[in-house]
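First to last, the sequence lines map onto chains Y and U.
Note that the numbering used here gives residue 17 to position 17 of the first sequence, counting from 1, and the numbers run on in steps of one.
Note that the numbering used here gives residue 35 to position 35 of the second sequence, counting from 1, and the numbers run on in steps of one.
The hints are simulated quantities; they were obtained by calculation from the structure and are not laboratory data.
Quantities reported herein were computed from a predicted structural model and do not represent experimental measurements.
Heads up, the beta-carbon is just placed ideally off N, CA and C, and yes, glycines get one too.
Do not rely on the hints blindly, as some may be mistaken.
[What the hints assert, rightly or not] Computed footprint of chain Y on chain U, listed as stretches where at least three residues anywhere in the stretch have a Cβ under 8 Å from a Cβ of chain Y: (1) 65 to 73; (2) 78 to 85; (3) 94 to 107.
Residue-level listing of the chains:
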Amino acid sequence: MIHGDLLTGLPQEEAERVLALGKRTVLTSGAELFHLGDAADCIYLVVRGRLRLTLPMQVRGKEEDVLVEERSSGQTVGWSALIPPYRFTLTATAPLETEVMALPRSALNGYFGAHPDTGYAVSLNLSSVIGQRLQLFQAMWLREVQRMVELRCA
Amino acid sequence: MEMLLMGACLSVFGLAVACLAFGAATREPEQTAAAAPAVPKTEVKAAVRPARFFGDRPVLPAYSDVPIEALLLQIENHVRLEHAAAESFLESPNASLLHARTISSLVN
């Protein structure tokens with residue numbers, strides 16, 4: 001059983017109890033897990049396979065989904081489910097057969113209310129996942145700004 | 001009387017020569033260029049500032065003739081390379097790694 005980055009640091013039995021709140025789903029190749037703007041009710045752990053996270057971009061006047069990030073086994077996807085306004089900010093699709101564990105927000109909130117230590121540990125892990133994404137895209141953004149400055153202000 | 005007329009004519013002629021010499025000395029540069037033998041136009045254009053300005057810009061490849069599928073793959077490859085570059089920076093944060101070049105065809 002893969003616990004993934006969301007459950008890091010939890011005792012084995014406790015991690016198993018959190019995972020028992022979820023439901024395994026198998027996505028066929030090309031299937032969409034969630035779409036940009038959808039209501040986000042579940043957070044997902046990738047059990048096996050891979051997910052492509054994309055955003056729409058205008059390419060030659062046509063809207064195309066462009067890869068932003070990829071998530072693989074053990075990684076968390078869809079933390080918008082735990083962050084207001086609970087709407088997905090990306091689209092997730094499976095480029096190959098992929099299995100995910102869907103953890104509903106309502107079930108997690110109920111469990112964390114009864115087990116605050118677990119809720120605290122998961123919150124720290126979630127902060128780490130979000131923080132890494134923020135730092136990564138901050139660096140990517142600055143690299144693009146640097147290129148723009150070199151191109152336009154040289 | 002004849003001597004007087006001769007002197008007057010010479011004075012008028014001298015005054016005319018002096019006026020021509022003065023006019024030539026104080027003529028505008030453009031008028032000089034117009035009067036001078038024709039200068040090849042290419043030489044004049046080479047000194048025009050806007051030409052140097054555009055010449056300084058990097059020449060980027062045109063993607064208009066690239067099939068859209070290939071272009072999307074190039075964009076995806078660019079994102080992966082940028083992702084990897086940003087991850088390298090986060091592992092060891094410093095200015096040179098932050099701006100390290102990639103081999104992405106979209107920016108080279």
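Exercise for review: Go check the segment 78 to 85 of chain U versus chain Y for me, would you? Three or more residues, Cβ under 8 Å, otherwise it fails.
Suggested key: Check passed, 5 qualifying residues.
Practice item. Confirm or reject the coverage of the segment 94 to 107 of chain U by chain Y under the rule of 3 or more residues with a beta carbon closer than 8 Å to the chain's beta carbons. Key: holds (count 3)
Check your understanding: Per the coverage rule (Cβ-Cβ under 8 Å, at least three residues), is the segment 65 to 73 of chain U covered by chain Y?
Key -> holds (count 3)
Figure legend: structure checked against the earlier numbered hints; every hint is met.
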